[in-house]
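Participant: My request is simple: use the sequences and hints to build the entire structure.
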Amino acid sequence: MKGSGETPRLESRFDMRSALALILAGGIGSRLNVLVKRRAKPAVPFGGIYRIIDFTLSNAMNSGIERVGILTQYMPYSLSKHLGRGESWGLVGRSREARVLPPHTGTSAADWYKGTADAVYRNLDYIARYYPDITLVLSGDHIYRMDYSALVEFHMQMGAEATVAVKEVPIDQAHLFGTVMVDREDWITGFEEKPEKPRSNLISLGIYAFDTEVLIQELEEKCGVLGQTDFGKDIFPSMVARGRLAAHRFGGYWQDVGTLKAYFDTTMELLDPDSPLDLPNWNVRTNLGVGGAGDRPPAYIAPGAQVRHATLARGCRIHGTVEGSVLSPGVFIAPGARVENSILMHDTGVQAGAVVENTIADKGVRIGHEARVGDASLGDAGNRAFPTHFGQGITVIGKEAVVPARCRIGRNCCIYPGANLGRLDVSLLESGETVQWERRTEERGGEL
Amino acid sequence: MLSRIKLPRTTGMILAGGRVGELSVLTLERPKSALPFAGHFRIVDFALSNMAHAGITNVGILSQYRPASLIDHIGTGESWDFVGLDRGAKILPPYHAAEGSDWYRGNADAVLQNLGYLRGYDTEIALIVSGDHIYSMDYRRLIIEHVERGADFTIVFKRIPEGGRRFGYGVLDENERVTAYTEKPAEPPSDLVSLTVYIFNMEPLETILTEMKDLDSIEFGRDVIPAMLSRYKVCGHVFDGYWAYSRTVDAYYEAHQDLLAGKIDLAAWQVRTNNNDNTLVRQVPPIFRPWARVGNSMVSEGCILDGTVTNSVLGPGVKVARGAVVDSCLLFNDVVIGPDARLEAAIVDKRTIVARGAMVGVTCAAGPVDRAGAISAKGIALIGKNARLAENAVLAQGGIVPPGACLQAGDEQEDEAPGGARRSGDRSGGGRRGGASPRGNRAGDGRRGSNRRGGGREERA
Chain A
1 MKGSGETPRL ESRFDMRSAL ALILAGGIGS RLNVLVKRRA KPAVPFGGIY RIIDFTLSNA
61 MNSGIERVGI LTQYMPYSLS KHLGRGESWG LVGRSREARV LPPHTGTSAA DWYKGTADAV
121 YRNLDYIARY YPDITLVLSG DHIYRMDYSA LVEFHMQMGA EATVAVKEVP IDQAHLFGTV
181 MVDREDWITG FEEKPEKPRS NLISLGIYAF DTEVLIQELE EKCGVLGQTD FGKDIFPSMV
241 ARGRLAAHRF GGYWQDVGTL KAYFDTTMEL LDPDSPLDLP NWNVRTNLGV GGAGDRPPAY
301 IAPGAQVRHA TLARGCRIHG TVEGSVLSPG VFIAPGARVE NSILMHDTGV QAGAVVENTI
361 ADKGVRIGHE ARVGDASLGD AGNRAFPTHF GQGITVIGKE AVVPARCRIG RNCCIYPGAN
421 LGRLDVSLLE SGETVQWERR TEERGGEL
Chain B
449 MLSRIKLPRT TGMILAGGRV GELSVLTLER PKSALPFAGH FRIVDFALSN MAHAGITNVG
509 ILSQYRPASL IDHIGTGESW DFVGLDRGAK ILPPYHAAEG SDWYRGNADA VLQNLGYLRG
569 YDTEIALIVS GDHIYSMDYR RLIIEHVERG ADFTIVFKRI PEGGRRFGYG VLDENERVTA
629 YTEKPAEPPS DLVSLTVYIF NMEPLETILT EMKDLDSIEF GRDVIPAMLS RYKVCGHVFD
689 GYWAYSRTVD AYYEAHQDLL AGKIDLAAWQ VRTNNNDNTL VRQVPPIFRP WARVGNSMVS
749 EGCILDGTVT NSVLGPGVKV ARGAVVDSCL LFNDVVIGPD ARLEAAIVDK RTIVARGAMV
809 GVTCAAGPVD RAGAISAKGI ALIGKNARLA ENAVLAQGGI VPPGACLQAG DEQEDEAPGG
869 ARRSGDRSGG GRRGGASPRG NRAGDGRRGS NRRGGGREER A
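Residue numbers (the numbering used here), protein chains in the order written: chain A, 1 to 448; chain B, 449 to 909.
If you are wondering where the hints come from, they were derived from the structure by calculation, not from laboratory data.
Treat the hints with care, as some may be off.
Claimed, not checked - Keeping only pairs whose Cα atoms sit at most 20 Å apart, straight-line, the calculated SDA-like set for lysine to any residue is:
| id | chain 1 | residue 1 | chain 2 | residue 2 |
| --- | --- | --- | --- | --- |
| 1 | A | K222 | A | P103 |
| 2 | A | K81 | B | G503 |
| 3 | B | K711 | A | P103 |
| 4 | A | K81 | B | N724 |
| 5 | B | K711 | A | P303 |
| 6 | A | K81 | B | G532 |
Unchecked claim - Sample of chain B residues at the chain A side, in silico, Cβ under 10 Å:
| id | residue |
| --- | --- |
| 7 | H488 |
| 8 | I539 |
| 9 | L563 |
| 10 | Y565 |
| 11 | G710 |
| 12 | R720 |
| 13 | N724 |
| 14 | P738 |
| 15 | G743 |
| 16 | S745 |
| 17 | S748 |
| 18 | I752 |
| 19 | D754 |
| 20 | V757 |
As the list claims (entries may be wrong) - If you want a taste of the chain B side facing chain A, the calculated C-beta under 7 Å gives, among others:
| id | residue |
| --- | --- |
| 21 | L455 |
| 22 | P636 |
| 23 | M746 |
All figures in this text were calculated on a predicted structure; none of them were measured in a lab.
Backbone N, C-alpha and C define an ideal beta-carbon position, used for all residues, glycine too.
Facilitator: Have a look at this one:
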């Protein structure tokens with residue numbers, strides 16, 4: 001234990017309370033398909049009780065940051081409800097806050113954010129109000145644990161105008177990301193966005209530390225003139241030209257879950273005791289108050305149930321078999337039902353005798369008795385409507401969709417939120433098929 | 449429609465101060481209302497949730513016995529919607545008055561000393577309930593009935609045949625008026641047991657309590673109810689829902705068996721608890737490893753299970769290693785069960801470690817055991833907070849390990865009543881005796897002992 005018996009000392013360290021964090025939470029994340037049909041990517045549930053943005057918020061909390069602005073414009077309701085007053089991340093108090101910053105009129109003619117830099121530019125008033133020494137601009141899309149104070153320390157040692165967190169990846173994966181070229185001292189010499197032939201295996205993590213003064217100056221110079229402005233394309237090049245943009249190498253766990261496969265695989269890592277995605281020791285916080293998760297009793301496992309290699313959240317009631325799966329609060333598995341290698345979100349129910357394999361089911365999905373979802377005997381054809389989204393055999397069922405009793409659904413299938421296959425008269429869905437369905441406006445609402 | 453009826457101004461009071469010897473090591477450092485229940489709940493959540501669902505906006509919690517864990521748990525009261533304009537949940541501790549006043553002398557004295565709290569809200573009706581009971585009750589309906597009858601005082605009873613001597617008993621006439629009441633009688637006059645749910649009109653409550661202010665101690669059951677009977681209209685309401693209490697180890701344990709059997713439906717009852725508790729917010733959903741075999745059990749956040757768990761309720765952060773077998777146990781927060789350990793019918797308090805191969809409740813103490821006077825007639829073993837069972841240590845059925853103690857293998861040979869069930873008549877000690885050295889540290893492993901009576905409170909009880 002630290003503290004006891006030691007003489008108090010002063011450390012020469014930047015006090016993170018003088019930093020402001022802005023989280024870019026506007027991402028649509030369209031490759032997550034039906035999971036982002038009615039919510040922004042940072043609001044996508046992850047790991048049972050969390051949402052993706054919890055990781056960035058918790059990093060901010062664990063780094064000692066006390067002021068966080070969340071820039072959002074796409075489907076903001078589930079996100080702003082999730083943030084609440086920010087108390088789940090210790091961001092409530094006279095000098096502490098978490099504030100949602102939506103686009104607002106009056107900044108310029110058009111009102112929606114046009115790019116990452118533009119989103120920050122439109123909130124210069126907010127930054128100027130506190131005028132922090134350092135402004136962090138963070139993507140709210142990723143699963144990672146980072147102590148931002150290490151980034152800021154490095155940034156100040158380098159005397160950089162801005163510093164980009166980067167990570168080494170195998171060179172054959174670099175083409176999926178924005179890559180960063182550096183000189184021998186880790187000053188950035190260039191960027192390439194998803195290059196076909198990457199010249200660097202360093203990727204940008206979308207995590208930036210800025211000297212606030214430089215940030216304000218740059219944004220006022222560029223954003224007022226240009227329409228669409230992004231940091232990578234419009235702000236960083238002049239810093240690179242001046243040789244003042246540094247790269248800080250991050251060696252810890254960082255994962256983009258922007259594709260269904262990455263989302264699925266990363267979730268399954270939670271079950272691997274050897275994975276560096278070691279949530280029990282990450283101190284990730286979430287808002288348990290939302291959706292009543294916090295009001296639920298502990299998970300109940302009935303006599304005769306089998307649960308192994310799995311995690312269950314509060315309020316789950318398991319009578320059947322659950323293996324290799326991650327279940328959110330309130331999931332019900334009836335006697336004789338079997339769930340394998342699947343992600344089931346809040347309050348999804350699987351009735352007696354049903355089998356669910358290799359499936360992501362969003363909140364409130366109902367699977368009738370004796371139904372089969374992810375049925376390998378229906379082939380393994382890729383999804384025809386979304387060939388780039390699917391293809392790993394995972395079937396995805398949108399929020400509150402209904403799979404009736406004895407219905408059979410193959411692999412790589414996509415079912416839209418709210419689709420009731422019973423009413424749509426679907427009793428068999430071959431692998432790779434999609435059931436599209438749109439709710440009427442008056443049926444919308446509720447928490448996503 | 450009930451929702452069209454506006455209640456008189458009602459203020460709630462929860463009697464949450466008590467500790468009883470019957471709970472032994474479990475209440476050495478917390479009042480019994482703060483005992484964990486069903487994993488991440490605490491007993492007082494039932495009374496608080498009932499109050500919240502009845503639309504009561506102000507609740508005073510009367511507590512004087514080691515209230516730290518209760519204060520932390522209630523926090524701002526937000527979890528029960530007691531935050532807002534004209535809302536509040538307040539712990540009301542004893543205070544020093546100008547004339548030197550002091551600790552609460554009985555549960556009614558606690559209310560007497562806080563009459564000012566009730567007056568402050570222009571209270572017309574005081575709803576005074578125990579914080580130690582497990583039930584879901586519609587107080588709103590009760591208050592309506594109380595007012596419609598023109599009662600001055602309503603007591604809620606439940607029919608418990610052969611309830612024994614622990615309770616207060618009432619007698620009702622055909623109009624449901626209470627005609628007699630006795631506390632802990634040798635021969636119960638009826639099967640109507642008081643549940644310590646009292647609805648008082650403010651005026652008679654003030655009158656009676658003020659008249660009694662010079663008594664050495666004032667108890668509702670012993671003093672206030674009999675006095676009310678002779679002068680006011682006292683009615684009884686017979687409750688027929690589920691009810692249990694945390695007064696004895698066996699009752700507390702049995703309530704958890706009822707929980708697993710579905711008799712206590714926390715979801716349907718909408719029991720609320722404080723999720724901002726620091727021990728909860730850092731927990732991840734429970735992880736079931738490949739060797740986990742779990743049946744008829746409740747498993748809380750932060751548990752990591754790789755062994756066998758049956759008929760048990762596991763609090764947040766419990767770890768059960770591969771090869772371990774846990775049957776019919778209640779394990780509180782952050783208990784660690786080592787590989788190949790075996791536990792049957794035990795209650796293990798927070799942060800206790802049971803090392804590899806240790807056995808609890810599997811063996812009987814030598815010779816015939818008469819448990820009539822024991823802490824647990826059922827033979828439930830009790831292991832206090834921050835205790836340690838060393839490798840291959842053995843604790844017999846009904847054995848007790850005090851908080852912070854360390855039980856070594858072979859310890860059971862040393863004592864006269866070897867680490868196991870107490871012999872008939874041996875009720876003393878409340879955790880000071882048993883198989884283990886109190887606050888001992890025989891393992892020499894540097895763990896801190898638990899003697900924090902000096903006022904330290906770095907941990908949550």
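Participant: Is it true that the CA of K711/B sits at most 20 Å from the CA of P303/A?
Facilitator: Answer holds: K711/B to P303/A is near 16 Å, not above 20 Å.
Participant: Taking 10 Å as the limit, does the beta-carbon of H488/B come near enough to a beta-carbon in chain A?
Facilitator: holds (6 Å)
Participant: Let's test the interface hint: is any C-beta of chain A closer than 10 Å to that of L563/B?
Facilitator: violated (34 Å)
Participant: So if I understand the rule, the pair passes when the alpha-carbon distance is 20 Å or less; does K222/A with P103/A pass?
Facilitator: holds (19 Å)
Participant: With chain A as the partner, please determine if P636/B meets the hint condition of a C-beta pair closer than 7 Å.
Facilitator: P636/B check fails; min Cβ-Cβ to chain A is 34 Å, beyond 7 Å.
Participant: Closer than 7 Å between Cβ atoms is the bar; does M746/B clear it against chain A? Give me holds or violated.
Facilitator: holds (5 Å)
Participant: Minimum Cβ distance from L455/B to chain A below 7 Å?
Facilitator: violated (24 Å)
Participant: Holds or violated: K81/A with N724/B, Cα cutoff 20 Å?
Facilitator: holds (17 Å)
Participant: Please work out if K81/A and G503/B have their alpha carbons no farther apart than 20 Å.
Facilitator: violated (24 Å)
Participant: Tell me if P738/B is really an interface residue toward chain A, meaning its C-beta lies closer than 10 Å to one of theirs.
Facilitator: For P738/B, the interface hint holds, since the closest Cβ of chain A sits about 5 Å away, which is under 10 Å.
Participant: Identify whether the interface hint at D754/B stands, where standing means a beta carbon of chain A within less than 10 Å of its own.
Facilitator: Result: holds, 9 Å to nearest chain A Cβ.
Participant: Holds or violated: the hint that G710/B contacts chain A, with Cβ atoms closer than 10 Å.
Facilitator: Since the shortest Cβ distance to chain A is 9 Å, the answer is holds.
Checked against the numbered hints given earlier, the structure breaks hints 2, 3, 8, 9, 10, 21 and 22 and satisfies all the rest.
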